[in-house]
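**Q** Quick note, the sequences are listed as chains A and B, same order. When we follow the numbering used here, the leftmost residue of the first sequence carries the number 1, and every step to the right adds one. When we follow the numbering used here, the leftmost residue of the second sequence carries the number 1001, and every step to the right adds one.
These are calculated hints, taken from the structure and not from any lab test. The structure presented is a predicted model; accordingly, all values stated were derived computationally and were not measured. Hints should not be assumed to be uniformly reliable.
Stated by the list, open to error - DEER-style ranges, computed between Cβ atoms:
1) K34(A) with V1140(B): 28 to 38 Å
2) A275(A) with A1372(B): 23 to 33 Å
3) G1080(B) with T297(A): 35 to 45 Å
4) T186(A) with I1213(B): 54 to 64 Å
Yeah, the Cβ is synthetic: ideal placement off N, Cα and C, and Gly gets one too.
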Amino acid sequence: MAETLTIGKALNLGLRKAMEDDAKVVLMGEDIGKLGGVFRITDGLQKDFGEARVVDTPLAEAGILGTAVGLAMRGYRPVCEIQFDGFVFPAYNQIVTQVAKIHARSKGRLQMPIVIRIPFGGGIGAVEHHSESPEAYFAHTAGLKVVAVSTPADAYWGIQQAIAAPDPIVFLEPKRRYWEKGAVDTDTAPGPLFGSRVVRGGDDVTVLAYGPMVKTALQAAEAAAEEGRSLEVIDLRTVSPLDLDPVFDSVRRTGRCVVVHEAPVTLGLGAEIAARVTETCFHSLEAPVLRVGGYDTPYPPSKLEEEYLPDLDRVLDAVDRSLGF
Amino acid sequence: MTALQQTTEVVDPVPGAGAPHLPGQPELVQLLTPEGERVEHPDYALDVSDDELRGLYRDLALVRRWDVEATALQRQGELGIWASLLGQEAAQVGAGRALAPDDMAFPTYREHGVAWTRGVDPLHVISLFRGVDQGGWDPVATHFNLYTVVIGAQTLHATGYAMGLQRDGAESATLAFLGDGATSQGEVNEAMIWAATFAAPVVFFCQNNQYAISVPIERQSRVPLYQRAAGFGFPGVRVDGNDVLAVLAVTRAALAAAREGSGPTFIEAFTYRMGAHTTSDDPTRYRLASELEEWKLRDPIARLKAHLSRAGIADADFFASVDAEGDELAARIRQGTVEMPDPAGTEIFDHVYAEQTPELARQREEFVAYHASFEGEGH
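Bound conformation, chain B alone (with noise of 0.2 Å):
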């Protein structure tokens, strides 16, 4: 055999067709299957309380309705772009769940399920999507970093914040996420060299949600994204990425591991982003509507809304007041972004630095003396 033939051997030609790709098998972690079916995993007990289910559930449905109604906001003009995290629910909720209040979040720009969870107002979240603020909330009290756009830089800072909570000796861990197309960018390669060199208290969130906007898995890895892992010695396991409570679990336990000085997990969350990359995307260019059809099976509300009521832990009162606080969110974001003021024009010059220079301050002064300028000319 040819190293070629080798290396083609382990490689799925076809997108979205080979096994790798579908739930149910070995390596894949799963506490729910995708009917609502509450199954045991070996290696990942996990004991939740049935108000904690219907904590859970209720993250995901409010998470899902601010997400629909940002798009709609879009849509509408009143943001200029939106990054849906539609199908993505369990993976960000199960994951900021399995955060303690000290552990630092390091996300990219579409964890608003995350954001959820560490009490970030949704309201702040849309701020920065409709153009009013670069950052938009407070980073330290909410342990939430702020959005990080560029691919995977943020998995070195949080491999950094971790390396400073080791030397604090701090029994926390940060918890950095990252997608799929990020595994190819060099900086979260050397964020994984760090911290398995330094036993960093660092977690790799890795959402494979199967596309970097338009291209495949396949042009991003060989192999399967968590068995990466293994090369930079440390462990990988790939979790289904629509089960919240297995997420939940297997973050639990990467974090729990990090903390107590065990060194950097590797979580592949497999899942499928079921809207468009962002409200500027197009996926009817560069995915097929029958493998949006099939994930629709593996809906992450779906099957724990299934479970809740099989196993008549929430009745459908209790969803009907789902539902009825979805659409107040709904309706507080929806009022909360078309009455967002505009910054001041001066806002751009007041945090460039925390010793403001010379000539930034000129600058500011002549900009407020232009407007000025204007005053009284009838505009």
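This is chain A alone, in the form it adopts within the complex (with noise of 0.2 Å):
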């Protein structure tokens, strides 16, 4: 069935699908109950399963995660609602020396099955640490996967996939779209969880972008074909793995590569992307790689954060500067 959802409301239902499949999983966040969490996605969600299966949890990051080892101990499917990216570093500790590395200490016997949703990126206006971008610091952790969705279909999707999977996933909500909508197919999935789409077909530039970013770089096509210059957009959908065989395969018909992302450059996942295109791609690059992202700052407050974000205009730049290459 299709049906026109915003990305929020998709997530909202998708978690909905995921409960009424396995009663395994269990919500766990701040706000999540009563609210339905400050972005709302868990709406309803508590009146209809129980306290104990949407859990108003005490007002610490850890706590939330550290419990939600335990349960995965137990045979539980924690699903961690982190409220604001800048808010995930009181959990940090347990996701990094612990959820991560349960699997390969136990050999397997332990599965950490436990999905940490975070709303990330700027955008909206806020104060400080509510719009981070914290994507390589959990990219850079062995036993850790990293998804970031752009639409409301593989908000709809993944978010199930992500629960279904055995090992632990940050699930990256670009939260200044929360409210686009998008047609759903709740059929039919769009695809495997870890792998990456070429989102509009071109020729001449590859431009790779994820969560929020996707929007900016299809615009920025747009606007470039206007102009007869025809770029190709991939939306990378995972981060962690990286899924870039479709990448190749577009950049040795391009020759010519930008990544944008909204986190700083420096030792970002553009500089990832950047190594490993070049090492693959090397005699097909007319260009170097180029990156498009956040300056090496702190977030600015948001009167100036037009100005540090991505938007089409930087993305063009670079397009320019890689075909003048």
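Each chain sits in its own coordinate frame; assemble them with the hints.
**A** Given below as structure tokens:
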């Protein structure tokens, strides 16, 4: 069945479906019960599934992740909501030293099917710690997987796929796109969770993005087309593991690659992608892989965030530099 | 009186010098005096058979023998490091023997005595300290979680597991081990908040061995640790950690209450780390020899031996047979350690994920190919 849903509503329905399908799914987080979460992603779920399955936790993020570990050991599938990206750090110890390592330490005797939902990225005019892009910290940690959705369909299906997966997954939700609508086919998944996807074909430059920047990249491609430039846009969808075979195929054709993300460029995902594209497509490249991202500063006050965040013009500027090389 | 004076009044300013540190004070639950005299406590009756008493002695003696052997193996270069439990045998064996088979224990990295009571092979524990494994045993089959080195992190796991037990309607509990230093960790405090809020069937078993490596308990707490529980809203009890009978009785009672739905208990097992923090540590830099001598008089094994002898529960033949069994155990540990094979290099890739990633599979292939490239070169 095809429905038009916002990303937020698609997540809500996806969570509901996952809870209906598996009684071991337990949602945990701050204000996720009666309030339905500060973004209302869990709206109505506590009413329908009860307080034992939609747990309003004490206000302590390490506690959320640490108790999720114990629940996972007992056979549950905890879905932890971190209220905002900047508040994941109190839980960082549990995520990195415990959640990520327990499967390896136990030689697979203990699985950690924990989903860590994080609304991430900027653009909502918020105060500090509410606009961050922490994906590289998690992608750098062996034992974790990291995905970033960009569409309602991926939100609906991705959250279910992540909950059903046996490994711990940091599930990044593009908070400034929560209210954007799109078609969702609730009968058929749009593909596997850990796969990138060409979302716009093109021949001149390959543009890579994930999460909130996919829309920006598509806008840039639209604008470029008016100037007669053909951009191929790939939604990476998964940040760890990266699925770069479609990227390599594309870059071998275009010879040019631009990576876009909100996170600071230094040691961000773009750096890793640039290295791998260079290693694999060296002889096809007409220009160095270019990165468009946040600056290496703390996330700025909201009056300056438009200057900080990559937008259509900064993507096109990188495209120009790539083509002019 | 100023606020500062009020605060300092409850503090013992001289480490180890004040009354709260000495067994025999009213709040310390004790069933066996340091001299081995059996005493009763109004709240903690303990019904143990002579067989069980001999069994507890055997546990204590064998665990210490294992520990001594492991320390020796480290000194001889066979282990990378060893965290000795010397002096804490009664706290660990008493707590471990209080567990029911389906209860789940969450140890730190020093709970070799609890491992013993859960049937974990000492060589599996040794494998961690030898550097051939990051886990060592099956935590599901043994109901004994893997050691947790990050201080206090396991208290949250125990609490979450207990919440799972609640949801399953299981009549079991978890036992979360921690040390005095861990009580300063935020995660431990979060665990106690969670446990209290959800009335989770978890017992916090804190071995206060007086030191967090070198830092004395006075730097962790301005009040006796067991009194902290009141602030979280559940009972706290201080037990003589060198009295295996008292520890057994107190832990049994706390686990029973947890299983019955009465929520958590905090147990402070008042004990002393008679050895170094680990084989890499030098305790002479931070504590006096006289303090150690004082605690030797409260040795957990000597006092049970005195009781068994005096009460006619065990004779010289029994003690000789335990000694002989200890020597056999030590020999098995020694042989098993030196013969323990190194793991295959490819093992590091194989369990990072339940579903292997293409990138890691590729790195594994590269690793194999790289090492294969040296074959036939006389390495």
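**Q** Run every hint past the structure and note whether it holds.
**A** Now for the hints, and whether the structure bears them out:
Taken as a hint, the range 28 to 38 Å holds for the pair K34(A) and V1140(B), whose Cβ atoms sit roughly 36 Å apart. Restraint check, A275(A) to A1372(B): a C-beta distance of roughly 25 Å satisfies the suggested window 23 to 33 Å. Under the hint 35 to 45 Å, the C-beta atoms of G1080(B) and T297(A), about 42 Å apart, fit the expected range. For the pair T186(A) and I1213(B), the beta carbons lie near 56 Å from each other, so the given range of 54 to 64 Å is met.
No hint from the list above goes unmet by this structure.
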